[in-house]
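Undergrad: Residues per chain, in single letters:
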Amino acid sequence: MVDETILREKAREVLARDDVRRLIGWKRGTYGYESAPAVLKDASQADELIFDPTCVQNPASFITLEEKLPVPRGQDPDTRKVAVLVKGCDSRAVVQQLVEKAYTRDGVIVLGVPCTGVVDRRKAQKMFGDTSEPVMIKEEGDKFVFIIDGETREGPRAELLADKCVRCRFPNPLVYDELVADEVAVWGADEFADVDEFEKMSPPEKWKFWEEQFSKCIRCYSCRNVCPMCYCLECVVTKQKPQWTRRSTDVSENTAYHIQRAWHLSGRCIECGECERVCPVDIPITTLNRKMTRDVKELFSYEPGVDVEAEPLLSCYNPQDPEEYIM
Amino acid sequence: MSSRRPKIGVYVCHCGINIGSVVDVPAVVEYASSLPGVAIAREYTYMCSDPGQNLVKEDIKTSGLNRVIVASCSPRMHEPTFRKTLKEAGLNPYFLEMANIREQCSWVHEDHAEATEKAKKLVEAAVAKALVLEALEEKEVDVIPSCLVIGAGIAGIQAALDIADAGFKVYVVEKTPSVGGHMSQLDKTFPTLDCSACILTPKMVDVANHPNIELMTYSQVEAVEGYVGNFKATIRKKARYVDVSKCTGCGVCAENCRLAGRIPSEFDENIGMRSAIYLPFPQAVPAKYTIDPERCLQLSKGKCGKEGPACAEACTAGAVNFEQEDELVDIECGTIIVATGYDVFDAARKPEYAWSDYANVITGLEFERLVSASGPTGGKPLLGRDKKGEGGYLPQKVAFIHCVGSRDKSVGNEYCSRVCCMYLAKQAHLIRDKLPEADITVYYMDVRAFGKGFEEFYDRVRREGVRYVRGNPSEVFKKNADPEDHTLIVKVEDTLTAQALEAEHDMVVLGVGLEPRHDVREIIDLFKLSQSTDGFFMEAHPKLRPVDTASDGIFLAGCCQGPKDIPDTVAQAKGAASSALILIASGKVNVEAQVSFVTSSECRGCGFCVEVCPFGAIELVDENRMGNIVKVALVNEALCKGCGSCAAACLSGAIQPRSFKDEQILPQIAVLGVRT
Amino acid sequence: MGDFKFAKDKLAEVVGALKDYEVFAPAAVGDVLRFKEVEDASSVSFDFKNTNVPPKELMFPETETLFKFRVGKTDIEPAVPDESKKRLVFGIRPCDAMAYTIVEKLYSWDYPDPYFEKRRESSVLFGLACSEPVPNCFCTSLGGGPGSEQGLDALMFDLGETVYVKTITDAGDTVAKAMGLEAAADAEKKAAAAQEKDALGKIKRSIDTEGIPEKLPSLYDHPFWEQFSDRCLSCGICTFLCPTCHCFDIQDEMEAFDGRRARMWDTCMFPEYTLHTSGHNPRPTRKERTRNRISHKYSYFPEKFDVIACVGCGRCINYCPVNIDILDILEKSKQAEAKEAKTA
Amino acid sequence: MSEEYEPNILAFLCNWCSYAGADLAGTSRTHYLPNIKIIRVMCSGRVNPLFLVNALQQGADGVLISGCHPGDCHYLEGNFYARRRFMLMRKLLEHVGVDPGRVNMSWVSASEGAKFKEVIDETVAKAKEAGPMDQFRRRQLNW
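Chains as they are written, first to last, in the numbering used here: chain A, 1 to 327; chain B, 1001 to 1676; chain C, 2001 to 2344; chain D, 3001 to 3143.
Please keep in mind that the hints were generated in silico from the structure rather than gathered at the bench. Glycine is no exception: its CB is placed at the ideal position from the N, C-alpha and C atoms. Hints are supplied without guarantee of correctness; some may be wrong.
[Stated by the list, open to error] To be clear about the criterion: a stretch of chain B counts as covered by chain A if any three or more of its residues have a C-beta under 8 Å from a C-beta of chain A, and this derived list gives those stretches:
#1 1591-1604
#2 1619-1633
#3 1642-1654
[Said to hold, decoys possible] Output of the computed footprint for chain D on chain A, the stretches with three or more beta carbons under 8 Å from beta carbons of chain D:
#4 23-31
#5 153-167
#6 202-214
#7 238-252
Take these sequences, add in the hints, and give me the full structure.
TA: Here it is, written out as structure tokens:
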């Protein structure tokens, strides 16, 4: 269990340092089951921080989201460190960002938050309904206890956990400077049963499934923007010269967009599940990513975001790589 | 130029009837003229001819064309031709696009209508790409006026001498202790019967003494980097354990070696013996001794007799040095000639001929040593000598077998080795010469006597009483188990008389073929060469660029490119030398213009391209992005070969190979992707 | 105008009765709702809170062809929508209908937009009053409400077994008659009024907009924006799903030689929105973009058109994945001291 | 699936091996189906897997990427990278419902004109079996 007092204390210390620019964590949301990513710049703000089962967001996304303003002539750029609180899954994003040289290891301070799983807002909404007041959630054994509009409600942990948490293999951060709580036991395992199940469909059935899903897409690019690995200055998807994908929203362009997104995350996706969570039209985006994750593992014995020293999957090769379909 | 509106000229070639007989050329021209940006569309019988090229030049000059499409043969054939045409007309050569309507259309499709439709599409795709072509700048780099020659057989020697004689520096690297290669092992050469050593030795000496040649024997190239005009090579000079500056080549060391006469001599094809400290052969160049570290007791066991190494003891010059270590030498050169030669086919891979089993079944190369005046038997074809090299008998019934390991799919060698027919004829002649009474039979599939004086020589040998039996022996075995009886049975069907024969012989010479060096892979990796199906190095073009490789500045000479006889080898070596000299003498060379470049404002500095680049041409450098310092990729254009692997690895498309940019390929896809 | 009613189990018949109209109604793909042309009247349902994607797309589609062209040719082929056929938008919520009245002001100002105007003119809006507002509804703060009639031609109240239809315009009346609806009695009117009152009580969130349009410009450089913008993803959810956001981009989409110029939804939350050809971006970070979204709705638009460009539908709050809550921003803007702005 | 359906195949061939192999097929007058349209690139490593997505969107019924045999790449390693990329892209497309028979890869050397024909025949046969790829075609193709 994470003691928020300790978490805040550690954050306060870090924020008080002269060489730290900002700290990214979580804070209470304004309504319902929401929490909000918190970007703090001053030690006095540390008390805003929380960590509870609402803290689903991946703070590592916000390291690479930061846009740097032009530095006025004669001034030095702000090269102070960024501190970030990460759950186990979030830490894989930090690892992969390091592999991809998004920043250097000494450019970040990582405060690790061992995590026992977060609540899927959609599942909670289905179980308990909505409210305009912030909901408090605590984990108690195999239950989650909610305080909704002053009323205490309970729900089974197994039914409320986010999907990514059900199969979580990395509840403890893989990279950190300091842990804010004791490590927790691993409970999850991932056999990719969902991928196997999906693959039972024939190609036309799969296409039909995705056609329906992609037809919903409004191309808001929230799935791309929230992804901690997607931080190209100019994304091929929105590039004008050349125009790989057209901005028009129709099922062909939307499908192309989603294939492009999934392709670019092949061997890079760290399974934080944020893309699917943020989708306003409920496209099961991780179904694509998980297929790639499984195949990358099976074909190349590769898992992104677990080893800072690893070579990027598609920038290396093994002369013995599989090639069974190659003529 | 590039900022102007595209004004495209499309030229559709009939190629005589090669294209025109299948593709409706006028229809393609008409279609082309309807395409956007096309100002002129014409047809011509032979676009590559002078009048054809002049047509293009005229149009560029008079109509202000700024893009040219030639729909004809493969760009691999005539892209350089037409680039030159554009250049001569004052247009940037990279404004050329070719549509391959011959090799990939008229020659492969039977249906005229379909082929015509496809040709139209190919032209349309070329127009789509032409609209977005860019002018590229051909850059020049200085050429270091020197050449590195790998291998010092006759090919390497000749090439090195030619370049050195032209007044330029040559580094010759030879793996073995002496120059000379296979040619030095041969007795006489066909068809003129010149003594091989007599004609080779002077050249060997020249290569060692030439003021412009730095000879490194017993050395190997360890690493090569760089690009045409500017190669850097690291050469490992293996320790000889003999100080060459002190060694006088007197040979006392070898006489005193405890293993003297007990180690099979590679030069004598293991028929003769040598010491652990040795000179490969008497005329070896340099005449400096070398210690075989694997055989030398001192080096391999750490101890040589009770009194210590006898060779060191015997050497009055004090040249033996067991502490000597390998030495790494870095050199810079502008060009490289690969002349690594061949291996002879390993006769053990044809067990039916029992070469491994019987001492009187020998290979052609063993025969050379056996009949060489400087060989272990002093030129007498003695068989069955004892361990000390004493005794033995002279054969009476000699058989020669053609095509051992050549033209033989069962051993994976489909090709003809080109020299066996003639060397066997020569060897038959030598036997006739040495043993006038002997019965000589040659078993052949075909006799290929195609060279100058070959047929005449073959005819002469037959007239000398050598019997030619057309048949490919299926088996060679011993007549009986008696160790004193050397009779072998050659089982063969005479295909001219359809008679099954079991002929008796007491000596069988196998006409083993030529194969790529067993360690060819190392050379390939080192110099980025490619192989043809036969395993020999592939030339840039089988007809027109037979000494060039796909890597600029690296040339091939001799049998490493394919089996050939001595005159052909020498000719090719001279060709390679001439090619290298063109670069060296001009002092400048154009480097690849179609290289990658980075749009740094789109680069996120992840380094995927850096890791992918096989040539180490990309690095991450600091960039000041409006006051913020970021890492971005930067291409070293002299190292980049334009393969474009970086572009496929880049997520944002920030790095692109010129002429093959995403925005140049996507329009082609847009045209060709549409089903018609 | 008139008061009508029909039995809810006759919904399909009522909708199906309109042969001369293209009928648009909310349709579900999984849990996701958006307006679609009705192909099967029996699929029309009142069992929804509101569509994920607002019906602005019926007037202002995500992608719209303006003209077609061929490289090297100067003549173009303009594409003007054929909206000769009448359209019925059935089941639109009052907030989304009110949004049309706001967007209309822009699209008829200066250069009238033929695409929007034609569609708007040919559409008859049959609203559906809200009985179950969602937690983030705040329409009442912006002059709307569960039973607001702004922009509508008729308003329907789902009373359980009966649907009460109040026509507001002649067009609404005509359609109601064409549907063959019967007249409503006082009972239905009373039930509708009670339902509206009940629904009003369920709207928990609100903002007093008094003074906001005037104050926001003074907060232009204020650091308080960063509290929100620092976690903004720069995605298009809030704006694409906003019924009043109306920005579009114009792009050329091409084959090798042929193409079309089309306009498509754009959002000021994308950095490319203000990116100049020179590479300069006047809104380089999410701070400027967040500020623009709020200021445009609550200051620039009212300054020009006298109306706040927000209807309180709550979509931007509901769907924001990082809990950027427009009400929170507005409240904080009221607390922010304008003079702090200088310290930014 | 209509009887008339003739699949359109887009092939990306590396300049040094496969394009040369295709040229050799031509020089040897090896007849093959005209369904295939070739785009020349310098190396199979150049082929961005997203080209496939684009090709399918433009209406190609199948694609072929062909390079030098492993170890023979003119640029040493390009085909190794290509092999990894296309193995994965094929799996991804398969997951979205694109018949895996539409995504083909081969190693064809400059001396394998005959193999080139075999590869084309097989690629066309697989695309035929998969049927026309109309579902992914750009909706705005016919202006």
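Undergrad: The structure should be examined with respect to each hint, and the outcome stated for every one.
TA: To see whether the hints hold, each was checked on the structure:
no. : hint      : verdict
1   : 1591-1604 : holds (count 4)
2   : 1619-1633 : holds (count 7)
3   : 1642-1654 : holds (count 5)
4   : 23-31     : violated (count 0)
5   : 153-167   : violated (count 0)
6   : 202-214   : holds (count 9)
7   : 238-252   : holds (count 6)
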